[in-house]
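Quick note, the sequences are listed as chains V and W, same order. In this text, residue positions in the first sequence follow the numbering used here: the first is 1, and each later residue adds one. In this text, residue positions in the second sequence follow the numbering used here: the first is 1, and each later residue adds one.
Among these hints, one or two may not hold up.
[As the list claims (entries may be wrong)] Cβ-to-Cβ under 8 Å is the rule here; a few derived chain W residues that face chain V: (1) 167; (2) 304; (3) 372.
[Stated by the list, open to error] One side only, chain V facing chain W, incomplete, derived with CB under 7 Å: (4) 47; (5) 48; (6) 60; (7) 120; (8) 124; (9) 126; (10) 213.
No lab work stands behind these hints, which were simulated from the structure alone. We treat Cβ as the ideally placed atom computed from N, Cα and C, and that holds for glycine.
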Amino acid sequence: MKGIKLIIHQDMVNYRRPTSFQLRETYPLPPLSTVIGMVHNLCGYQQYEPMDISVQGDYFSKTNDLYTRYEFKNGMKFEKGRHQLKVNEFGVSRGIGYTELLVDVNLIIHIIPKDQSKVKEIYQFLKYPVEFPSLGRREDLANFEEVKIVEIQKQELSNERDFKDQWHAYIPINWLTDEKLSIEGEGTDLSGTRFILPKVYELYNLGTEKKPKYKRNWIEREEVLYSGDFIIFEEEIVPIDEEGDIVFLNLEEE
Amino acid sequence: MSELAENDIIEFRLNSWLENAAICGLVNILGEDHVTIKNQSIEVPLSEFVNFEEVYFNYFAKQYEKLSSFTKILAYEAEMARQQQDNFSHFTRKDYDRLQKYLTDLKRYGTSNSYKAVYPLIESSVDIEGLLKSIKLDKLKKNELEQNREQVVERVKKLYEQLDKVYVYFKRADVQRYLPAKIQIYSVINKGYSDVSFLNRQESKGDFFEKYHQYFVSSMMNYLNEEHKKDKLTCSNCHRPIKKGDLSYSFINQAGYDANRKQSNAWDFNNDLYMCPICRLMYTCIPAGFTYVYNQGLFVNDNHTLQSLIDVNKGIRLNVLELNKTDVRSKNTYAALIRTLQDQMNRQSRKEIQDIQVIRYENERYYFNLLPKHILRTINMSKEKLPQLFNAGFTLNSESHYLYPEVVDSLMNNTNLFRLIHQILRVKATGGQVYTSSNQIMKMIEINQNFLKELIQMTPLEPQELERIRRDGYFFKKEYANKRKGDSVGLRLLNALKVNDRNAFMDILLNSYMYLNKQVPHYFTEVFSDDEHYKTIGYCFVTGMIGEAHNAEGGNENE
C-alpha cells in the first residue's frame, strides 16, 4: 500500500479544541480533520476523498499568547456602545483573546488515500503546492521539509520499539486493547490522554431547502491515545513505511 | 424513571479543563465511593441523581461552612452559654463591646437579601425579621459597668433571651437546609455559572432546591426517557444525540460566546455548539471542582488520569483549609497550590509530571498558566526556600505587594525574579516601606538561580558563596565613613544592574575599592562570564550593601 509521507516543522501553532473560547486551547498534535482539511485544500478537492491519516510528532513547549479578536454577526448593523469597529454600515466587536501555542512542532504525517490511484495526484499537489501550506490556524505556516511517496506494509517487528522520550503519537485505541504495546506508568495507571478526534463531517441542513443553514455533523471520529511513553512489543505486526517509521493506523488487508 | 432501569449507568469522560473541573466537582459532590472512577472517565449509577439537588447544595454548604456568614452568626452562641454558666462573673467592657459589634453583624447579615429570600420558605410563626429589628443594646456609658453592674447584666440577660429565640429559629432543620446553601449560591455557585434557573434574577425567590431539580435533574431524566434514534444533532461534549440545539454554553461563566450576536465564532455562522441535558447537569458542578477562597478560585488540570485529577485538587482543598486555619488570605491559594504540587512530585518521583494547566479564577475571569517541567522542578528545588518568603512584602506607589504570590506568579509566567529583586532593593535603598529582610532577598536569589539553571547551561553558585558575596557587600559599605556615600554607590550599582551594563558596574566597583584601598574579591571576574552570573553576583553584593546585618555580624542596625 502506498501513502504520502510528510515531514513538517512548524513554529508556533494552535490546533484548536472546538469548545474552547476564552483561551483557545490546542490539541497536542493536529487532529485528523485538520490534516484532512489541509490536504483537501491544497489539492483543491471539493468532495471528501476518503483517506487514513497517521500523526506523530513532538513539540518543545507550550505557551499562551494574546491576540486581537474580531467578532460579528453577519449583517448586523453598527451600534454605538456595542461595536468597536464600523465597517461601512456593519458593526464588528474587537477585543482580546488568548491562544495556547505549541512551540517548535515537528511532525511526521502519513496520508493514505483509500483510492490508491490518487496517491500520485496528491503527492504532486503537496510537493508543488499552489499556495503556502498551513496547518492549524490560517497563519500557522507548515514548512514541508520532506514530501515523498512511501510503501507501507504490515510487518512483524524484529525488535521491540521503545518510544520513550522520542516523540508522541496518536495511537489507535485498539492497539492498546489488543495489547500490541505497553504504556509506561505506575501500576495500572496509563500515561497518556485519550482523545476522540474528529475526522470526517457531513453537511446537515438546519434550515429549509430555499434558505439553507448548514452545520457540520461529524460522522467519523476516531478514538486515540496520545502518548509519548510506550513500547511496541517484538513480533507484533504493525504497518511500517519503507524508512522504518511506524504508521499508527489500522490498515485493511490489501 | 419507569422505563429506566435502576442500575443504568451514566458515563462522563474527561475532555478539556472545563469538563474536567465539572467532573471533578461531580465526584466531590457525590463522594468517591458513589462513583466508579476509571482511567479517563467516571461512571455514575442513575440512582445517584434521584435527589441530586440535596447532595448538591449540601456539598457547598458544608465545604464553605467556615467562610459562611451563617457560621459567624451562630458562633456567638458558645460565648453566650459560657457567660450564662459563669453567671456573668467575668463579664467585662470588652465582652460588652464585642456583643455590640456582633449584633450589628447579626442584623446586617440577617436582613441581607439572601437571608430574606429564605425566610418565606420557612413555615414558622416567628417573625424573624421583626425579631432581629427589635434587638437593641444601648451603648455603655462611661464607667456604667463599674457603677451599675447589675443593671447592665440585666440588660444583657434580656438580650440573651431574644438571642435565644433567634438561635432556635436558625437551628431549625429547614433553616439549616436552606440558609447555608442560599448563602453559597451567591458566594460560590455563581462563580461557575449564572442567569439560569435559581440564579436567574426573576427566579431568585422561591425554593431553589425545587428549581434546581426541575431545571437540571428532571430535564436530564426526561432526556434519558426519550427516544433519540432519529435525532440529527449531537452534544458537542459527549456526542449523545439531541433533538434541538437549544442548550447553549452561554450560561457557564466565561465559556462559549454570544450565539445570537457574535456568530462569526462558529463555522459558517451557524452555532453548532450545544449540549445535552446530561452535560448541562455536569457543568453545574464546575464550582465544586474549583477551590475558592473569597474571590479567588483554583483548579489544576492534571488530566493524565482521573484519579490524579481528583487527588491534586483534593490536596489543594485540604491545604487551603489548613493554611486558613488561623487566618483566611487570598495568597493562601498560591501556597496551597505549591504545597500540593510538591506533594505530588514527591509521590510521583519516578514519573515525571508533564505540562500541567493551572486555571485561576480571579476578578470574574479565568487565567491560564501552564506549568512546564522546568518550572515544576524549580518549585520542587525551592521547597525549603519558598515558605520563608511568607510574611515578606513591600509597598510600591502606595500599593502593597506580597512576595510569595509575586514570586510564584513570576515563576508560573516563566519569568526570572531579577525584576522583583531589583524593585525591592530599590524601595529598600530609597527608604520606602519594605518588610523583607536581606535574608529573604537572598532566598529569592537562590530560587532565581534554581530557575535559571533549568533554562540555560550554568553552574549555579553555592549558597555559601552567595552568602560570602553578601557579607563582602555588607562590610564594603561599612568601610565608608560617610554612610550616605555608601548608599549612593549602592544605588549606582543597582542602576548598572538594571540596565545590564557590566562595564559601568565594574567601573563603579573598582573605583570604590581603589578609593577604600582594598583588594577586589576574585569572584568579580566571573561577572564577565555571562549575564546571569553578573546579575546574581551583583544583586547579592548590593543586597549586602543595602541590607541590614545578619546576627553573626554582630550588629542590629536596621532591625
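Taking the hints in turn, this is what the structure says about them:
no., hint, verdict
1, 167, "violated (45 Å)"
2, 304, "holds (6 Å)"
3, 372, "holds (5 Å)"
4, 47, "violated (17 Å)"
5, 48, "violated (16 Å)"
6, 60, "violated (10 Å)"
7, 120, "violated (32 Å)"
8, 124, "violated (29 Å)"
9, 126, "violated (25 Å)"
10, 213, "holds (5 Å)"
Checked against the numbered hints above, the structure violates hints 1, 4, 5, 6, 7, 8, 9; every other hint is satisfied.
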